[in-house]
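Number of protein chains: 2
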Amino acid sequence: MFYLIGLGLGDAKDITVKGLEIVKKCDKVYLEAYTSILTIGKEALETFYGRTLTLADRELCESNIDDILKEAKDIEIALLVVGDPLGATTHTDMLLRAKELGVKTQIVHNASIMNAVSCCGLQLYNFGETVSIPFWTDTWKPDSFFEKIIANYSRNLHTLCLLDIKVKEPTEESLTKKVRTYMDPKFMSVKDAAIQLVQIIDAKPDCGIQRDCTAVGLSRVGAPDQRISVMTLEAMQMSDLGPPLHSLVIPAPNLHPLELDYLSQFR
Amino acid sequence: MFYLIGLGLGDAKDITVKGLEIVKKCDKVYLEAYTSILTIGKEALETFYGRTLTLADRELCESNIDDILKEAKDIEIALLVVGDPLGATTHTDMLLRAKELGVKTQIVHNASIMNAVSCCGLQLYNFGETVSIPFWTDTWKPDSFFEKIIANYSRNLHTLCLLDIKVKEPTEESLTKKVRTYMDPKFMSVKDAAIQLVQIIDAKPDCGIQRDCTAVGLSRVGAPDQRISVMTLEAMQMSDLGPPLHSLVIPAPNLHPLELDYLSQFR
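Protein chains in written order, with the numbering used here: chain A, 47 to 313; chain B, 47 to 313.
Bound-form chain A, shown alone (with noise of 0.2 Å):
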């Protein structure tokens, strides 16, 4: 059996009971760490589970999947996954795999920045397509996604940025040698990912949007010391959220009353 169990977003008491009790009773399980990180260390989720975990990188969830696969054809193994299992393409991918190999799988959901995102007031039926901000480099900057918020800011939606993460990244020089080096770990901030709009912004001064319209930034929703914060987003490029993971809404540019009310305890 293979098992992918979502962890939630906080600290390990996150994760729900059936989960636990799956954790515990496998013979082997994964901590999925580069399509996101908990706030706490995969010392803190062995602590608490009582047992040892192994770390899967990029390299073992998308190539090395297989032999996991098959192994799961006769003992118990589980993939943890920060937040809901099924938020990235990677894990459906896995599903359709054991598919093929005749491995029985069982999906144990959780929350993802996904819905936990509410918790800064904004009502999840008005968000409309969620985009995701990738880092730019000295000679690559794509705005693409930017399109995607233009249109449900028309359609006066709210859009969940997704901001980028690059844990285990090869180094560009590693690429063609044969031992690979990785790159440090890197998180999107609120900050960053402002910076990078505003300059989209300026550079598409018809798009509808102005660079004072209202941002709201949240780190480490779910734990203890979350933080979510309401600015312009010309004044987010100055704003420090502290530790990652950070996400970022831009709001739609009518909101309801209620909106408004909650949102105004963050400004």
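Simulated from the structure, these hints should not be mistaken for laboratory data. Hints may contain errors.
Since copy identity is lost for identical chains, a pair holds within one copy or between any two.
Computed list of lysine-lysine pairs in BS3-like fashion (alpha-carbon distance at most 30 Å, straight line) [to be verified]:
hint, residue 1, residue 2
1, Lys150, Lys59
2, Lys150, Lys223
3, Lys223, Lys145
4, Lys71, Lys150
5, Lys74, Lys250
6, Lys145, Lys237
7, Lys194, Lys250
8, Lys70, Lys59
9, Lys59, Lys187
10, Lys71, Lys59
11, Lys232, Lys214
Once you've looked at the hints, dock chain B against the given chain A.
Leaving out everything else, chain B in the frame of chain A:
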């Protein structure tokens, strides 16, 4: 302290470890029973928690919430909500009232249909605005939500349709009387929803969506007897996905190959 605790979607064990600890230590625990329902009943939850629960209906949550919140100044009170506690406006409103009254609050997130819908293989970030489909009556057949489905569809986005539930709704006759009588609980099935949607499409032949468009029916997401069924909307009028709760998705017209592959197992 006032806790809003999400129960997730399946059974008693879908509560988080954090949520369960709070339930066990609280002085009073209410179970919200009108924005959604769990596939198991109050008694099963009471057995699992080892304590009694008080049902909280709409009247209690909307009109008498201040009394509960005032009590929460001195004692520990939890309100249990199926799914994630901030899926419905009611609960955001409660948190604002708590703040006004100077009552401390804590939210314990969990999976909701808004993210667990990804179990059908459609990617969450390709969903547009969520809509709610209300039960029609002989004299009241609203269809304004359909414009949102069209808008999503034309942008190649999926639409999650939340289906109406009626729990402890006063009968029309009793509204003017001293003693209220209540209707039997009623839960919209994907069949009911498809029948209403096909009527709307037939009345709007140029809307861009045809009655033979693909529809995804989901029932009891997260429970062991979860069912997912993919067929044309037309065929869904004759479907039976078993007991509630049901949800319906109108997928985007052009799907990602991975989405197509995944959906095909439910055809």
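Here is how each hint holds up against the structure:
no.: 1; hint: Lys150 to Lys59; verdict: both (27 Å within a copy, 21 Å between copies)
no.: 2; hint: Lys150 to Lys223; verdict: neither (38 Å within a copy, 56 Å between copies)
no.: 3; hint: Lys223 to Lys145; verdict: neither (35 Å within a copy, 58 Å between copies)
no.: 4; hint: Lys71 to Lys150; verdict: within (16 Å within a copy, 37 Å between copies)
no.: 5; hint: Lys74 to Lys250; verdict: neither (51 Å within a copy, 55 Å between copies)
no.: 6; hint: Lys145 to Lys237; verdict: between (42 Å within a copy, 28 Å between copies)
no.: 7; hint: Lys194 to Lys250; verdict: both (14 Å within a copy, 27 Å between copies)
no.: 8; hint: Lys70 to Lys59; verdict: both (14 Å within a copy, 14 Å between copies)
no.: 9; hint: Lys59 to Lys187; verdict: neither (39 Å within a copy, 45 Å between copies)
no.: 10; hint: Lys71 to Lys59; verdict: both (17 Å within a copy, 15 Å between copies)
no.: 11; hint: Lys232 to Lys214; verdict: within (9 Å within a copy, 51 Å between copies)
Violated hints, listed in ascending order, are 2, 3, 5 and 9; each of the other numbered hints is respected by the structure.
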